[in-house]
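Protein chains: 2
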Amino acid sequence: MTVTENPIRNGVDTATLFATIEAVRGNNEIADFQFRATNKWVSGTHNQSTLHGFFGATQEMTHKQPFIFDADHPAVLVGQDNGPTPVEFLLHALAACLTAGIANVAAARGVNLTSVESTVEGDIDLLGILGLSDEVRNGYQQMRVSFTLRGDDPEKLRAVVEQSRKRSAVFDVLTNGVPVAIAVDAG
Amino acid sequence: MTVTENPIRNGVDTATLFATIEAVRGNNEIADFQFRATNKWVSGTHNQSTLHGFFGATQEMTHKQPFIFDADHPAVLVGQDNGPTPVEFLLHALAACLTAGIANVAAARGVNLTSVESTVEGDIDLLGILGLSDEVRNGYQQMRVSFTLRGDDPEKLRAVVEQSRKRSAVFDVLTNGVPVAIAVDAG
Chain A
1 MTVTENPIRN GVDTATLFAT IEAVRGNNEI ADFQFRATNK WVSGTHNQST
51 LHGFFGATQE MTHKQPFIFD ADHPAVLVGQ DNGPTPVEFL LHALAACLTA
101 GIANVAAARG VNLTSVESTV EGDIDLLGIL GLSDEVRNGY QQMRVSFTLR
151 GDDPEKLRAV VEQSRKRSAV FDVLTNGVPV AIAVDAG
Chain B
1001 MTVTENPIRN GVDTATLFAT IEAVRGNNEI ADFQFRATNK WVSGTHNQST
1051 LHGFFGATQE MTHKQPFIFD ADHPAVLVGQ DNGPTPVEFL LHALAACLTA
1101 GIANVAAARG VNLTSVESTV EGDIDLLGIL GLSDEVRNGY QQMRVSFTLR
1151 GDDPEKLRAV VEQSRKRSAV FDVLTNGVPV AIAVDAG
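The listed protein sequences derive, respectively, from chains A and B. Quick note on our numbering: the first sequence kicks off at 1 and runs consecutively. Quick note on our numbering: the second sequence kicks off at 1001 and runs consecutively.
Only chain A is shown next, with the shape it has when bound in the complex:
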């Protein structure tokens, strides 16, 4: 099957997807992206981030609108529950990245999807962040993703998930870690 026979599959514009890959192959500079969030403390454990501008494809760009998200702790963790906890956004990021990849990879391979659902769980022992144990890490001890896919042949669907995992930005960050630098202007 050629791209022109079915340019939109699973909601993915495969013609544009392949054209984008070819454009990047011809000019690697297009692939340099920088994403940004600004965050403002509200009160207690409640704070709010805005995601709007980013750099990519050699220019400054913006999302169609600013996306604004609150984070907080629930009452059991001494907050007001004005938003999810910060660690829950990691679960969303992982599910979202793998799922977007599944849709793209399936479309590129000519595999039809009818549904993709997932649950992500993260286990955390708060003895770490509460400073009650030096042996317990602060973050999740493990994360588990369970996908349920329907569509073409099960073997093809499994292979699509595996390829998505191999090329997932969030899976890479969460499993391998990234250097994080923190600068402070205090006055």
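Honestly, the hints are just simulated from the structure, not real lab data. Do not take every clue at face value.
These stretches of chain B come out as covered by chain A in the derived footprint (C-beta under 8 Å, 3 or more residues) [as the list claims (entries may be wrong)]: (1) 1015-1028; (2) 1068-1080; (3) 1093-1099; (4) 1114-1127; (5) 1151-1164.
Okay, the calculated bits of chain B under chain A, using three or more residues with CB under 8 Å as the criterion [to be verified]: (6) 1032-1044; (7) 1051-1059; (8) 1084-1090; (9) 1137-1147; (10) 1174-1184.
The C-beta atom is built at its ideal place from N, Cα and C for all residues, glycine as well.
Fit chain B to the known structure of chain A by using the hints.
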């Protein structure tokens, strides 16, 4: 200064915070938490997560309301821009976790905060996820957080940020990585 002299500082209920830490010290089981997201593919790179239930303090709990978040790619990355990209949620998670920690640590130390603002940047070279280079990683190559704090003495504020970093769940996950298991039900 004792807790009872100023039980609410920076919006943090320090009396409850200290009581919670003492309760966990007395029964470590309270500290076992599990957070969860469910995600559903919409179309193309657009999908949606719900954050609602979690386990903690020895019982099943829920947020006051389900929190629902879309993720998508912008047009330049062959999406419809119905939400931020998955990797941008990592930036929000990091800013939110460090900022909540700053508020808690400052309150616990009797340090006043008047404002906490931050910008988080993540650099990513898409040659990795596009499969155009085996030498470029899929995820962020580095992340940078810039905090601007106002309130008490600058040295105290800097020390508060450093302690928050030392006890941040998201900072730990992003810098050290976590094992992630993926299960697939394809049919």
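Are there three or more residues in the region 1015-1028 of chain B whose C-beta lies closer than 8 Å to some C-beta of chain A? holds (count 7)
Counting residues of the region 1051-1059 of chain B with a beta carbon closer than 8 Å to any beta carbon of chain A, are there 3 or more? holds (count 4)
According to a criterion of three or more residues whose C-beta lies within less than 8 Å of a C-beta of chain A, is the region 1114-1127 of chain B covered? holds (count 13)
According to a criterion of three or more residues whose C-beta lies within less than 8 Å of a C-beta of chain A, is the region 1137-1147 of chain B covered? Per the Cβ count (11), the hint holds.
Residue count check for the region 1032-1044 of chain B against chain A: does it reach three with CB-CB under 8 Å? holds (count 13)
Verify the coverage statement for the region 1093-1099 of chain B against chain A, using a C-beta to C-beta distance below 8 Å and requiring 3 or more qualifying residues. holds (count 7)
Do three or more residues from the region 1151-1164 of chain B put their C-beta atoms closer than 8 Å to C-beta atoms of chain A? Held - the region 1151-1164 of chain B has 5 residues with a Cβ nearer than 8 Å to chain A, which meets the minimum of three.
How does the coverage statement for the region 1174-1184 of chain B fare against chain A, requiring three or more residues with Cβ below 8 Å from a Cβ of that chain? holds (count 11)
Count the residues of the region 1068-1080 of chain B whose Cβ falls closer than 8 Å to any Cβ of chain A, and tell me whether that reaches three. holds (count 9)
Using C-beta distances, would you say chain A covers the region 1084-1090 of chain B, given that this needs three or more residues below 8 Å? holds (count 7)
The structure is consistent with each of the numbered hints, conforming to all of them.
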